[in-house]
Amino acid sequence: MIPSAFDYVRAGTVDEAVAALVAGGEDAKVLGGGQSLIPVLRLRLNNPSLIVDVSTVDEMRSIVDEGSSLLIGAAVTTDAVMKDAGVQADIPLLAITAATVADRAIRHRGTFGGSCAHADPAGDLPTVAQALDAEFVIAGPGGRRTVAAKDFFLDFFTTAVGPDEVLVAVRVPKLGAGWGVNYQKFQRTAQAWAIVGVAAAVKTEGGTITGARIALTNMGATPIRASSVEAALIGGPATIEAIKAASASAADGTKPTSDTHATADFRSHLARVHTARAVAKAAGI
Amino acid sequence: MTDTIEEAPASIGQPKRRKEDARLLMGETEWTDNIQLPGTLHMAFLRSSIAHAKILRIDTSAAKLAEGVVHVYTGEDFPGQPGSTCVWPVTADIVMTHYPAICTDEVRYGGDVVAVVLATERYLAADALDLIDVDYEPLPAVVDMEEALKEGSPLVHESAGTNRCYTHNMPCGDYEAAKAKADVVVSRRFINQRLIPSPMETRAVVAAPQGMADEITLWTSTQIPHVLRVLLALLTGIPENQIRVVAPDVGGGFGGKLQISREEVLALILAKRLGRPVKWSETRSENMVAMHHGRDQIQDIEIAATKDGKLLGMKVDLLADMGAYLQIITPGTPLLGMFMYSGIYKMEALDFTCTGVYTNKTTTDAYRGAGRPESTFAIERIMDELAAELGMEPMELRKLNWVKHEEFPFTNVAGLTYDTGNYEAATERALELFGYDELRAEQAARRAAGDPVQLGIGISTFTEMCGLAPSRTLGALNYVAGGWEHCTLRVLPTGKVELVTGTAPHGQGHATVWSQIAADVIGVPFEDIEVIYGDTGRAPYGMDTYGSRSLAVGGQAIKVAGERLVEKARIIAAHQLEVSPEDIEFNKGVYSVKGDPEKSNTIQGIAFAAFTAHNLPPGVEPTLHGEATVDPIDFSYPHGTHLAAMEVDTETGKVTLRKYVAVDDCGIQINPMIVEGQVHGGLAQGIAQAMYEGALYDNDGNLLTASMGEYLLPSSADLPSFITDRTVTPSTTHPLGTKGIGEAGAIASTPAIINGVVDAIRHLGVNDVLMPASPQNVWRAIQAAQNGGAA
Chain B
1 MIPSAFDYVR AGTVDEAVAA LVAGGEDAKV LGGGQSLIPV LRLRLNNPSL IVDVSTVDEM
61 RSIVDEGSSL LIGAAVTTDA VMKDAGVQAD IPLLAITAAT VADRAIRHRG TFGGSCAHAD
121 PAGDLPTVAQ ALDAEFVIAG PGGRRTVAAK DFFLDFFTTA VGPDEVLVAV RVPKLGAGWG
181 VNYQKFQRTA QAWAIVGVAA AVKTEGGTIT GARIALTNMG ATPIRASSVE AALIGGPATI
241 EAIKAASASA ADGTKPTSDT HATADFRSHL ARVHTARAVA KAAGI
Chain Y
1001 MTDTIEEAPA SIGQPKRRKE DARLLMGETE WTDNIQLPGT LHMAFLRSSI AHAKILRIDT
1061 SAAKLAEGVV HVYTGEDFPG QPGSTCVWPV TADIVMTHYP AICTDEVRYG GDVVAVVLAT
1121 ERYLAADALD LIDVDYEPLP AVVDMEEALK EGSPLVHESA GTNRCYTHNM PCGDYEAAKA
1181 KADVVVSRRF INQRLIPSPM ETRAVVAAPQ GMADEITLWT STQIPHVLRV LLALLTGIPE
1241 NQIRVVAPDV GGGFGGKLQI SREEVLALIL AKRLGRPVKW SETRSENMVA MHHGRDQIQD
1301 IEIAATKDGK LLGMKVDLLA DMGAYLQIIT PGTPLLGMFM YSGIYKMEAL DFTCTGVYTN
1361 KTTTDAYRGA GRPESTFAIE RIMDELAAEL GMEPMELRKL NWVKHEEFPF TNVAGLTYDT
1421 GNYEAATERA LELFGYDELR AEQAARRAAG DPVQLGIGIS TFTEMCGLAP SRTLGALNYV
1481 AGGWEHCTLR VLPTGKVELV TGTAPHGQGH ATVWSQIAAD VIGVPFEDIE VIYGDTGRAP
1541 YGMDTYGSRS LAVGGQAIKV AGERLVEKAR IIAAHQLEVS PEDIEFNKGV YSVKGDPEKS
1601 NTIQGIAFAA FTAHNLPPGV EPTLHGEATV DPIDFSYPHG THLAAMEVDT ETGKVTLRKY
1661 VAVDDCGIQI NPMIVEGQVH GGLAQGIAQA MYEGALYDND GNLLTASMGE YLLPSSADLP
1721 SFITDRTVTP STTHPLGTKG IGEAGAIAST PAIINGVVDA IRHLGVNDVL MPASPQNVWR
1781 AIQAAQNGGA A
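Note that the protein sequences, when read in sequence, are chains B and Y. Per the numbering used here, the first sequence starts with residue 1, numbered consecutively. Per the numbering used here, the second sequence starts with residue 1001, numbered consecutively.
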């Protein structure tokens, strides 16, 4: 389809963006790289009266090393995230997952922050944010606030970001030494959405798993931590058998949807299989 | 059969770079959507979001007042006006139905048109659609073909009294007698799923009064400008001699643009009525529901053989989904494969039956291969199942039954005469390129080790028919048109050449290939030839491009037209060189006196002499041109052997195509590079049917795969590097020895993939997987087999 008419504001600063959103009211939408919003507009799934473009706000386009974490501007493109030396060195799970997002053209336009704020349950990057306990810096008319990942993703396409707020940056903690990571993305074609995805970070010491962070893509309304798998792994041996046994609970407590690619029960099966694969690969097995 | 090939001529056989590409690559194209005429009104269609409903009321008053809106029309404004038509009433008792330009009282599929808006801008036309209010009374939707045929089913067309469109039976030989002799009978139900053609360029049309007189020009993204012109005249009553149809650059069709559409009909009528240009460009979302779909058959297949593997007979019982209406060749499409169910094999009997069924879904019609992919799938799949039943190697079973190369010409069980072929040569080459024995060894090792990833080998030894078609054959099949093709060749006074063809390329490269043929026949440089097509004003005669017919039929017309031109020039040359025509030799564009080669003239020199006409022999008219309209004597039969190595992850059902070998025999290749491109594209589409594509409807008739998020098309990233080669067995039905190649890849590859998938997991008890072989479909097949009983 063809979008209906809308007004457009290009914000120069975060404050300008917030001011524009406040003025625009409920029908205003933030435009980042446009890789989700533009298709929505073209299909007239949503007809906002105002588009506030934050893609050129300088503050939102940088990655800052804060010591124990990286503060990644919400308008940093997926391509920039996956190629950033700091991300590659300190948050390799994010780098390798970013590389699986869509295709090159989309990665050059789409943004890390946009993916999180859009909160498509099939999005890959929100899963990493959930796995690593990222924090989200949100600006609004009352100033700035920080929301933990577990409180950020609320429902399908719904986050803690209010209609008059802008996601400014995502703070992603560094895991430190000794961790292995893997992202298993199960998809039907190379550039399709994940039917199921599993992000895993595993720390192994002397054949024993001492740390595990696992989150699932597209297994419910939001990215979900596989807490029971994490608990079952920690303290156990880093063996295929133990990992498979722990991964058997990967789908517990999830609420996957059924669609033309997979029914809910098949998704649950895939989550178990790929959790085992992701953990095994992350553990170097 | 002749295997001798004459010394390669100058241009034919060369991988000439495509004349079209520089323009295409640099954006200097003229797509229909690029045409901008002053005063244009933009059309937008309000389409039904319900599969089946009565229209109680349509309120267009708000839309009529909207900004930029000039007109809003409903079906009441075009009473009785058809939006499309069917030219192939396949049986005497077929149930034909009216396809309205705009629905009046009932909608019959999701996407059916209920109103059309004309506005000064495309966006404003789209805005106005939201202001039209339609009251529907939903009716039960007819979705499943078998349910549709049951007593008491809701009806797609109430007045027809049935959802059965037709039943066509073609018994060849005595199947029951053949079956009575059989030791083994294998039956399977195959689902050849519904596909959405998805050309890169969606449809678009511009209609405008042009120039003098009452002529209206209709630019449209079509494969069939000539056929369309005739049909538009018949459907609208606008005289044919006042309609000019132009197919500008067309970005793919795959059969989807072998159609007359309501959008074209309305554009023409409204441009005529309003005296203004009218334009429509289809969105992708519209294209998914409004352009016709392909395939969609339930195939009940039975094959009978001796315990030694000798085929005796085959029974084919099809249900073919017509969708809601009949369009250009909707009912005939499944029948295009009916003569081909025996494939390359010898058998005594074939009992073919097809029942066409109306449903509340998008109309089906031709899609790359049209009937032949379905028949090839059935025979090549059932051969693997028979081999498994007999405990035979599937390739050995094929070798035992195929037509041997010394047996050509061979008349198959359905009465078609295959002129030439060499299945042994193509197969030998394919096995060599594939590493068949090594892969069989790896398969055995993986099975023995219980590897979660199993390996399978898929075979497809296929043939197909192309060169649509001898007109008398089409007449015998109740088709309301011929199958000839036209060419006019003109050598202009300056020596440049115009080649006017009736074919209508939409990506195939006719400008290049036709130039190669003409360059050799009339002896002029390849670069000096301009190919003119796709415009009924400049190329008035033609039957257009579909069914791998352009080279197979149109190529013949080029050769004959060229030869006629050469003979006319020979008479002029003889006159001017003062010898008799028999004493003139013609070689590479030069006419010379036998035994005295110094006395000569070039074809360009003769063209100038024919233009000035100062000194022509008695009875010879000025200008140098040759024309030919050629009706083919018979079809041609490309064939080949395709092999696929398939990996199946038994834990997830994920299928990976690891290696694909395609050895095709399309006879003499005019341009091997373009042949290679056609093979690659065909493979991608055939593999896509096997692994990715499939239109799905829910029980209410809603298309669930209405965007490319759900309807998956593979990209280059999903396909391996194909290993291809050709064997060359010239056709004897074509003066150049060529056959068609446009559909071979799509026809051959689908069963190769599925045979490979089943072969990988047959030891787990699986004997079929639904297409597409998605992870879910494959995983479920494995689960079902392991829980007892095949899928």
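Hints in this document: simulated from the structure, not taken from any laboratory. In this text, a Cβ means the ideal position worked out from N, Cα and C, and glycines have one as well. Hints are supplied without guarantee of correctness; some may be wrong.
Calculated lysine to aspartate or glutamate pairs in the DMTMM-like style (CA-CA distance at most 25 angstroms, straight line) [to be verified]:
id, chain 1, residue 1, chain 2, residue 2
1, B, K244, Y, E1651
2, B, K255, Y, E1651
3, B, K281, Y, D1451
4, B, K244, Y, E1106
5, B, K29, Y, E1651
6, B, K83, Y, D1718
7, B, K244, Y, D1130
8, B, K281, Y, D1698
9, B, K244, Y, D1631
10, Y, K1310, Y, D1451
11, Y, K1654, B, D252
12, B, K281, Y, E1407
13, Y, K1654, B, D103
14, Y, K1654, B, D15
15, B, K255, Y, D1698
16, Y, K1654, B, D259
17, B, K281, Y, D1649
Examples of chain Y residues lying across from chain B (beta carbon under 10 angstroms, computed) [stated by the list, open to error]:
id, residue
18, L1477
19, V1480
20, Q1776
Verification of the supplied hints:
1. B/K244 <-> Y/E1651: This hinted pair holds, its Cα atoms lying about 13 angstroms apart.
2. B/K255 <-> Y/E1651: 21 angstroms, holds
3. B/K281 <-> Y/D1451: 18 angstroms, holds
4. B/K244 <-> Y/E1106: 56 angstroms, violated
5. B/K29 <-> Y/E1651: It is violated: about 42 angstroms lies between the C-alpha atoms, which goes past 25 angstroms.
6. B/K83 <-> Y/D1718: 24 angstroms, holds
7. B/K244 <-> Y/D1130: 53 angstroms, violated
8. B/K281 <-> Y/D1698: Distance ~39 angstroms between B/K281 and Y/D1698 Cα, so the pair is violated.
9. B/K244 <-> Y/D1631: This hinted pair is violated, its Cα atoms lying about 67 angstroms apart.
10. Y/K1310 <-> Y/D1451: 35 angstroms, violated
11. Y/K1654 <-> B/D252: With a Cα-Cα distance of about 23 angstroms, the restraint between Y/K1654 and B/D252 holds, given a limit of 25 angstroms.
12. B/K281 <-> Y/E1407: 58 angstroms, violated
13. Y/K1654 <-> B/D103: 21 angstroms, holds
14. Y/K1654 <-> B/D15: Distance of about 48 angstroms is beyond 25 angstroms: violated.
15. B/K255 <-> Y/D1698: 22 angstroms, holds
16. Y/K1654 <-> B/D259: 17 angstroms, holds
17. B/K281 <-> Y/D1649: Given pair B/K281, Y/D1649 holds - Cα atoms ~17 angstroms apart, limit 25 angstroms.
18. L1477: 37 angstroms, violated
19. V1480: 37 angstroms, violated
20. Q1776: At about 5 angstroms, which falls below the 10 angstroms cut-off, the nearest Cβ of chain B leaves the hint on Y/Q1776 intact, so it holds.
Checked against the numbered hints above, the structure violates hints 4, 5, 7, 8, 9, 10, 12, 14, 18, 19; every other hint is satisfied.
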